[in-house]
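Those sequence lines, one after another, are chains A and B. Mapping of the first sequence onto the UniProt record's numbering: position 22 corresponds to residue 22, and the numbering continues sequentially without gaps. Mapping of the second sequence onto the UniProt record's numbering: position 55 corresponds to residue 55, and the numbering continues sequentially without gaps.
I should point out that these hints are in silico values taken from the structure, not numbers from a laboratory. The reader is advised that the hints may include incorrect statements.
To give an idea of the chain B side of the interface with chain A (calculated C-beta under 8 Å), a few residues [to be verified]:
hint	residue
1	Leu104
2	Met170
3	Gln171
4	Arg262
5	Arg297
6	Trp298
7	Trp333
Using N, Cα and C, we set each Cβ at its ideal position, and we do this for glycine too.
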Amino acid sequence: MPRPRVAVWKFASCDGCQLTLLDCEDLLPEIFAALDIAYFPEALRTSAAGLPEGAFDLSLVEGSIATAADAARIRDVRDRSRLLVTLGACATAGGIQALRNFAEPGAFAALVYPSPETIDALAASTPIGDHVAVDFELHGCPIAKPQLVETISALLAGRRPTLPGHSVCIDCKARGTTCVSVARGVPCLGPVTRSGCGAICPAYARGCYGCHGPMETPNTAALAASLRALGLERPEIARLFRTFNAAAPAFREESARHDD
Amino acid sequence: MNAPDLVLTVEGLDALISALAGTGFRVIGPTPGEGAIVHDDVSSTDDLPRGWGDEQAPGRYRLRPRDDGALFGYALAPQSWKRFLHPPRERLWSARREGGEVDLRPAPLPEERFAFIGVRACELKAIAVQDRVLLGGAHVDARYAARRSSLFVVAVNCADPAATCFCSSMQTGPEVGEGHDVVLTELVSAEGSRFLARAGSEAGAAMLAGLPSRPATPREVAAGAEVIAGAEARMGRAMPPGDPRALLADLEHPRWDDVAARCLTCGACTQVCPTCFCTTVEDTSDLSGRETARDQRWDSCFATEFSFIHGGAVRASGRSRYRQWLTHKLATWIEQFGTSGCVGCGRCIAWCPVGIDITEEMAAFAAGPEDER
C-alpha cells in the first residue's frame with residue numbers, strides 16, 4: 001500500500017499544535033514511515049523550496065482564517081486534499097485571536113502595532129470550517145497528542161477515529177479526580193467542555209479552562225447560573241468563556257450574555 | 001451467623017487489616033485524599049481518616065474536622081467501590097497481525113483479590129444490584145465475576161449520614177443487612193474507638209476467630225444499637241413514598257423541561273452512581289496497523305453517542321437523556337432486574353455540579369401534573 005501523501009499547513013496560529021506532532025518523539029519514526037509527509041514548513045527543510053505540485057491524501061490544518069489571502073489559500077488547500085483535518089482551537093473555533101471579533105475593527109491593532117495601517121487583517125478571526133468542508137476536527141489549545149496519534153492511526157486503518165464529544169467530568173471520574181467544583185468551590189468549565197485533554201487541570205486542583213472548547217451538548221446557561229452561586233461576578237463569567245475558544249458558538253453566546 | 005458480638009480495639013482492627021494483607025488481599029479503605037475522604041490502599045488504621053467527617057449538600061462536599069477522633073466518622077466517599085469491581089477502563093483483548101496471520105489474545109482475567117474496609121449498607125446493596133446486572137443474566141461479565149468472587153467485605157455501620165443521604169427511605173440502610181463478611185459498628189469514646197464486630201459469612205467468622213477480641217458487654221451492644229438509631233434519626237433526606245413507576249405514566253410532564261434547563265448533561269451523576277453499569281468499547285490500532293486492541297470503558301446515558309444508531313442519536317435532547325436516566329434508575333430497572341436501581345446513597349445529588357436533587361425531582365413528579373401545570 002503506498003504511503004498516504006500528507007501536508008501540514010499553518011494559518012493564523014502559534015504553531016503549538018504542529019509542535020504537538022513533532023512532540024510525538026519516539027513515535028516520529030513510525031509516523032514518518034507510515035506517512036509520506038510532502039509539505040511541512042515547520043519541520044522540513046525541503047518545504048522551503050515551496051509548495052509541491054499535486055494533491056494530498058490528508059491535510060492537517062493549524063490556525064484560523066484571519067486575512068483575505070488566507071481565506072483564498074484554504075480553498076486551494078481543500079481543493080488539493082482528499083481528507084482535511086483541523087488541528088486545535090484556532091482552526092476549530094478561531095482561537096485566542098478571535099477576541100478581536102468582540103471589539104471594534106482595528107481596535108487591538110491600534111494598541112499592539114506601531115504602524116497599524118500596515119496590518120491587513122479581516123475584522124474577524126474565523127475557524128476553517130466557516131470557509132471549507134472539514135472531515136475531522138481535533139480540539140484543544142494545544143491539541144492532545146494521543147488524539148492526534150489516534151486520528152492518524154485510524155485514518156491509516158480506514159476506521160473512524162475515537163474522539164468522544166462528552167464532558168471533561170466523565171474523564172475526571174474515570175481518572176478518580178475529586179470534583180474541584182463540588183469539593184473546593186473552584187470555578188470549573190469541565191461540565192461544558194469537550195473531553196480530550198485527559199482532565200489535566202482538575203487533577204492539579206484547578207478548574208478546567210475550557211481549552212478543548214464546548215462539549216457536544218453544552219448547557220452553558222446552567223453552568224453560568226452555578227458559577228454565579230459560587231460567587232462569581234458577571235464580568236468574571238464572561239471572561240471564563242472568552243479565552244481560546246471565545247468564538248465557539250456556545251461559549252460566544254454565553255459570554256455575550258454576561259458582557260455588561 | 002448468630003454468634004455473639006465481639007469487641008475489637010483499634011489494635012484489633014489493625015490486626016484485621018494485617019491479616020487480610022497477609023493472606024494476599026489488596027486492602028482498600030477510606031483515607032484522606034485531595035479535598036475528600038476517598039477509597040484507596042490502606043496498610044493500617046493510621047491511613048484511615050481519623051478525626052475527619054464530611055458535609056454534603058446538593059452540589060457541595062466539604063471535609064469537616066471532628067473532635068471525637070472517629071475513624072469512620074464520614075458518610076460516603078466521592079466514588080463508590082464500583083471503580084474497583086467494575087473499573088472505568090479495562091482491556092478486553094488485543095491482536096497482532098504477522099504476515100497474513102492474526103493472533104488474537106484475550107486479556108487475562110484479573111487475579112487481584114480485594115478486601116474493602118468501611119463499606120456502608122447502601123453500598124453493599126449497590127454491589128448486590130450490580131451483581132444482578134453483571135452476573136445474573138445470560139451474559140456474565142467474567143472480569144467482574146473474577147473480582148467479585150474473591151472479594152472480602154468489612155462493612156461498617158453508618159453513624160453520621162450526610163444531608164444528601166436517603167437510604168432509610170429506600171430500605172437499604174443505615175444498618176448493614178447482608179452481603180458482608182464482617183460488620184463493624186464504631187463505638188467512639190474519649191479513650192479511643194472500639195468496634196462491635198460480627199461475622200456475616202464463614203470466611204468472616206474464620207477471620208474474626210484469629211483476631212484479638214473479647215465478647216461485647218450488654219452495654220456495648222446497646223451502644224451499637226444507639227449508633228444505628230442515631231444514623232436513622234439524622235438521615236438527611238427521603239425519597240417520596242409511592243410507586244416510582246408512576247413516572248412512566250406521564251412522559252410529557254412539564255417537569256422534564258424544567259430539570260433539562262438545569263441539567264448540564266455532563267454525566268457526573270452516572271459516573272458516581274454505584275449501580276450505573278453501562279460501558280462502551282473503544283477499538284485502537286497502532287500506526288503500523290499490526291497491533292490492535294479493544295478496551296471497555298464506563299459510558300453514560302448522558303453522552304449522545306450512547307444512543308447512536310444508524311442515522312444519529314435517538315436521545316438528542318438533554319430532556320430525553322435526563323428522562324432516560326431517571327426512569328431507568330427508578331422505574332424500568334424494577335422490571336428489568338427486579339429491584340430499584342437506586343440505593344439512596346445521594347452521590348448523584350452531592351456530586352452534580354449544579355446540585356440537581358433526585359428526591360426533589362421525584363417529589364415534583366409525585367405532586368402530579370395538575371399541581372405542576
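Hints and how they fare:
This hint is violated: B/Leu104 has a C-beta 16 Å from the nearest C-beta of chain A, more than the 8 Å allowed. Look at B/Met170: its Cβ only gets to about 22 Å from chain A, farther than 8 Å, so that hint breaks. Against a cut-off of 8 Å between C-beta atoms, the interface hint on B/Gln171 is violated, since the closest Cβ of chain A lies about 27 Å away. With its C-beta approaching chain A no nearer than about 5 Å, B/Arg262 sits inside the 8 Å limit, and its interface hint holds.
Against a cut-off of 8 Å between C-beta atoms, the interface hint on B/Arg297 holds, since the closest Cβ of chain A lies about 7 Å away. Interface restraint check: B/Trp298 against chain A, minimum CB-CB distance 6 Å, threshold 8 Å, status holds. Taking 8 Å as the C-beta contact cut-off toward chain A, the hint placing B/Trp333 at the interface is violated, the least distance being around 21 Å.
Hint compliance for this structure: hints 1, 2, 3, 7 are broken, all remaining hints hold.
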